[in-house]
Amino acid sequence: RKEVEQDPGPFNVPEGATVAFNCTYSNSASQSFFWYRQDCRKEPKLLMSVYSSGNEDGRFTAQLNRASQYISLLIRDSKLSDSATYLCVVGGGGSYIPTFGRGTSLIVHP
Amino acid sequence: DAGVIQSPRHEVTEMGQEVTLRCKPISGHNSLFWYRQTMMRGLELLIYFNNNVPIDDSGMPEDRFSAKMPNASFSTLKIQPSEPRDSAVYFCASAPPRGFVEQYFGPGTRLTVT
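As you go down the protein sequences, you meet chains A and B in turn.
Positions 1 to 110 (the working numbering) are the ones given, in order, by the first sequence.
Positions 1 to 114 (the working numbering) are the ones given, in order, by the second sequence.
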């Protein structure tokens, strides 16, 4: 089992839709979780951190489910500009090396 | 505030040549990472520095790759000799003391080896 796994997609949704991605991780001792966004031919950019209590930033909500070892990202009222690849990152738990998932591709169409 | 700075942005070289990629991390960050990204393999961590000291270089593909961080504001990744399979985008990222998972990436160097 890979350390961090994501559905590569693409998720193809219309503007205004709600879409959710999951990211599973194998190290139960992991302590730090983040979502990054990467636009085509650009660098990954930090989107938001993930806490057990949930984290909301505008249309974006990130949550952590420790029991099932996954994190999620929910995007409400999708915009064309949300089209990108979303990478999850997991770290801690005895390893200082953060592990990136392969990313989930989102395409928002008119 | 200036972000992570990388140079060059694009590099095209012939097989067998030496390639040096440069990175200036964000001031005050004490962790620095070099990554390689390809369509086939995704984002791969090559090496990680903490307080200018290499902590883990297990991701460096082979002896042709080397990295240095002579001071807190500069790092290099060198490939000698380069091979066509080294073609990729190389990212440098830095992280603040509060958490190494909170990384800030540079714009990357797109390397093409012919």
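One thing to keep in mind: the hints can contain errors.
[What the hints assert, rightly or not] With a Cα cut of at most 25 Å, we get these calculated SDA-like pairs of lysine to any residue: (1) 68/B to 42/B; (2) 45/A to 56/B; (3) 42/A to 7/B; (4) 45/A to 54/B; (5) 24/B to 39/A.
If you're looking for bench data, these hints aren't it; they were derived computationally from the structure.
Evaluated hints:
With a CA separation close to 24 Å, the supplied pair residue 68/B and residue 42/B stays within the 25 Å bound. For the hint pairing residue 45/A with residue 56/B, the CA-to-CA distance comes to about 23 Å; that is within 25 Å, so the pair holds. The suggested pairing of residue 42/A with residue 7/B holds, with an alpha-carbon distance near 15 Å, which does not exceed 25 Å. For the given pair, residue 45/A sits about 24 Å from residue 54/B by alpha-carbon distance, which is consistent with the 25 Å threshold.
At roughly 22 Å between alpha-carbon atoms, residue 24/B and residue 39/A fall within 25 Å of each other, so this suggested pair holds.
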